[in-house]
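Colleague: Sequence:
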Amino acid sequence: MKHIAPTMHEIILDTEKNNVLVAYLPSPKDLALALEHGWYRIPMVHAPPILTAGKATHIAFYQPKSFGDDRYMVRWYSPITSLVVRKRIELLPDEALHPDAQKDYYMVGCGTLQQLPAPIPSRIPRRNIFFPTTLKRLFTATDINQLFNDSPLENLLWLALLKADIPAERQFDIRVENRWYKLDFAVFCKTANLDIECDGEAHQRSADEVEKDKRRSNLLAAEGWNVLRFTATVLRDELDNALGMVHDTINRYGGLADPGADGGFRYTKGPDDPQPRLF
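Going by numbering that gives the first Met the number 0, the final residue of the sequence shown carries number 278, and the count climbs one at a time with no gaps.
Rather than coming from a laboratory, the hints here were simulated on the basis of the structure. This one's a predicted model, so the numbers in the text were calculated from it and none came from an experiment. By construction, the Cβ of each residue, glycine as well, lies at the ideal position given by its N, Cα and C atoms. One or more hints might be untrue.
Unchecked claim - Cut-off 25 Å, straight-line C-alpha distance, at most; resulting in silico cross-link-like pairs (PhoX-like, lysine-lysine):
hint, residue 1, residue 2
1, Lys189, Lys135
2, Lys135, Lys86
3, Lys102, Lys86
4, Lys213, Lys162
5, Lys102, Lys189
Unchecked claim - The calculated label-pair distances, taken between Cβ atoms and stated as ranges, are:
hint, residue 1, residue 2, range
6, Pro118, Val44, 25 to 35 Å
7, Asn217, Leu34, 44 to 54 Å
8, Ala256, Ser65, 37 to 47 Å
9, Lys64, Asn217, 27 to 37 Å
10, His97, Pro151, 22 to 32 Å
11, Lys211, Leu115, 30 to 40 Å
12, Arg251, Ser65, 32 to 42 Å
13, Ala100, Ala52, 21 to 31 Å
14, Glu176, Ala100, 24 to 34 Å
15, Asp207, Asp68, 23 to 33 Å
16, Ala256, Lys64, 17 to 27 Å
17, Ser26, Asp103, 17 to 27 Å
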């Protein structure tokens with residue numbers, strides 16, 4: 000690869016923390032660039048905090064639909080060796096007419112790419128994902144949902160949902176009226192779907208935040224989504240009650256989507272129920 004002279008300041012990496020950035024890899028061409036030339040690009044405006052703060056020491060790549068039989072999985076990872084800012088045209092001079100040619104990108108230097116012992120699949124397509132995880136999770140996860148690690152509250156609820164045998168998709172993207180929304184947890188039911196949100200304490204939320212969430216909930220409701228919101232206090236101190244509400248809502252909407260169940264859906268059991276609640 001031809002040496003590219005810096006156009007902006009070099010960014011110093013914090014190499015003492017084993018934080019991993021899971022990043023969206025658009026196409027096999029981008030994988031080839033990482034394998035053969037040792038770099039990956041991220042638009043500066045979309046760069047996640049773990050990268051801009053210099054806390055990422057490794058990068059792992061999520062492969063979308065463009066990878067054919069290898070789509071919807073995390074397979075490759077490497078240490079991050081450098082991080083600098085470049086114009087897109089410097090990175091891809093053959094694409095000088097691209098509309099973003101003059102925009103700033105992070106050029107992430109990659110060490111030797113390695114394959115995970117087993118790829119980490121995603122049951123659903125993911126779009127433009129950038130999120131932090133740990134090396135331990137990267138090497139032990141068997142599903143992409145197990146990689147997410149940017150919210151202790153979400154991790155707490157995720158473990159509770161797993162224990163209750165409620166499959167949920169974390170950080171699920173949905174498009175409503177030409178806008179994308181990211182749901183903390185998406186649960187798919189027979190007659191409606193469920194969005195479970197982990198909120199901060201009520202007294203810490205501004206009026207604008209509350210109003211924004213109300214508008215968002217109304218938009219999702221119009222698209223067939225029911226929204227449940229739980230504060231940090233509820234999740235820490237009343238987790239069983241929160242799970243009971245989740246169970247009741249799932250059963251009210253005809254049960255969980257489950258291809259292995261009779262009819263493709265199944266009811267759930269509440270925390271203390273010997274039998275599923277049927278509605």
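Colleague: Taking the numbered hints from earlier one at a time, note which ones the structure violates and give those numbers from smallest to largest.
Modeller: 1, 2, 4, 5, 8, 10 and 15
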